[in-house]
Amino acid sequence: MHDYNDVELTAKGGATLLAYDRVPTSEAEANNADIALSLHLALDGVPLFDNYGVCFAGVAQTPGPDGTFDPDLRGLSDPHLIALTEGGYGLVATRTARGGGDDGTRASSVLLWRSEDLIDYTELGLLDLGVTHGVNGPAIAVTGAGYVMRWHDDLGEPWHATLGAFAADATVGEAVRADVPMRGEIEPGDAVALAVPAFRSGNVIEVSPATAHALRLRFGPVTNTGAAVTPVAVPVGAPLAASDLPVRVDLEYSDGSAGSLAVTWDAASVGAVDTSRPGEHRVTGRVRQAVYPTPFADERADPSIVPFRFRGHDVFLMIATKDLNLDPIANDGGPIGMPIRMAATIADLADANGGAALERDILVAGDLDADGRPMTGCFWAPEIHVVGGELSILFMPSYDGEDGRTDMWTGRASIIQLRRDADGEHLDPTDPASLDDGPPRHARRRFGAQ
1 MHDYNDVELT AKGGATLLAY DRVPTSEAEA NNADIALSLH LALDGVPLFD
51 NYGVCFAGVA QTPGPDGTFD PDLRGLSDPH LIALTEGGYG LVATRTARGG
101 GDDGTRASSV LLWRSEDLID YTELGLLDLG VTHGVNGPAI AVTGAGYVMR
151 WHDDLGEPWH ATLGAFAADA TVGEAVRADV PMRGEIEPGD AVALAVPAFR
201 SGNVIEVSPA TAHALRLRFG PVTNTGAAVT PVAVPVGAPL AASDLPVRVD
251 LEYSDGSAGS LAVTWDAASV GAVDTSRPGE HRVTGRVRQA VYPTPFADER
301 ADPSIVPFRF RGHDVFLMIA TKDLNLDPIA NDGGPIGMPI RMAATIADLA
351 DANGGAALER DILVAGDLDA DGRPMTGCFW APEIHVVGGE LSILFMPSYD
401 GEDGRTDMWT GRASIIQLRR DADGEHLDPT DPASLDDGPP RHARRRFGAQ
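Under UniProt numbering, the first residue of the sequence shown carries the number 1, and numbering increases by one thereafter.
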């Protein structure tokens, strides 16, 4: 069987791409089973996307009107990536129940995806291999005019079968009990596996420099790639001060975006310019970027900060999910509410600068929604937007489940809006009495579906 050392870089300077899943660890490490059991990518040994998943298994069935529930959620394990003969890439994996257990498909089937660029993936569905002895660790390779799929049964014995095409409805040849070497397979003890935290299983393929570049742009950190200022023309012999220079510098970033930041010009550099001498003179300066306390707001998840005009002053609002002791649903027995802060500057919203003392819960557990139901759990992922010209908060409250305890899966997208006074001015957004005359409403799509 081939291993990582069998895979050589192409003469054209391609990169080695590792496709893998991870051993689940904990939510605190952002590597619980929901995340670990997905497709991860690493380029030349360096995990992309902070070692987070880039492709996840879809739900087992289309969610009904009551939403998505645990039994419908799925994961993937033992991913294997291949460059398809017809162009693009194919991914095969074992589909699992949420948490990694058997969802009933592992006995006979593998799950397929297709991708044109390794950035976006289309799930093709389950391919039935015509066996019932278990399909574990699926792998695929090009052979002749089609493909060959190799797997191990529940006793660890290798099997393979030919495929007429890479599709969920492909013609599958008779299963043969014999191994087929797969190029680029990785074993847990290989050097490339040891370099990836919590590596579980995977394989490597070669990708072109252009594909590697696109992957780094999409899944790598965004970095500054350029800075420029508008040149300043000064008459010969005229005085020059820092105030004569641009106040901002134009910036370019690795993802193609652009922006600008304020700049402080070095006084000594400005003073050294001899305007009596015609020509170009270079002045140095330092870009200014605010540095905020870390953590900014402890135990506040999904934070959203927006500017707001209140009573003639520019202020900032921050809203978040209350996440006491990593329990955003019941807040570990603590008070459940939707916290909002308002301050003159972003920095003033931080805990270290007194922001926590500014916080008020504009909704609390037990408040009723527009249907008269008590909202008993977290007020999930609140965001502040302007809807119909009015300051609005979109969020998801949860309700009691069948066991009488708050259940996040009962949540519904909801909206509340800030009222105005008789003069048309916004009321205080941190005061619960400033909200809609009616209780929170469920947000609905155009045709009334929630």
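There's no promise every hint is true.
Claimed, not checked - Derived Cβ-Cβ restraints for the label pairs, each shown as a range:
id: 1; residue 1: His-426; residue 2: Ala-262; range: 23 to 33 Å
id: 2; residue 1: Arg-288; residue 2: Val-386; range: 42 to 52 Å
id: 3; residue 1: Ala-141; residue 2: Phe-69; range: 32 to 42 Å
Hints are computed from structural coordinates only; laboratory data are not their basis.
Virtual Cβ for every residue (Gly too), placed ideally from N, Cα, C.
To see whether the hints hold, each was checked on the structure:
The hint said 23 to 33 Å for the Cβ distance between His-426 and Ala-262, and at roughly 29 Å that hint holds. A beta carbon spacing of about 29 Å between Arg-288 and Val-386 contradicts the range 42 to 52 Å that was offered as a hint. Hint check: Ala-141 to Phe-69, Cβ distance near 38 Å, so the stated range 32 to 42 Å holds.
Taken one by one, the earlier hints fail for this structure only at number 2.
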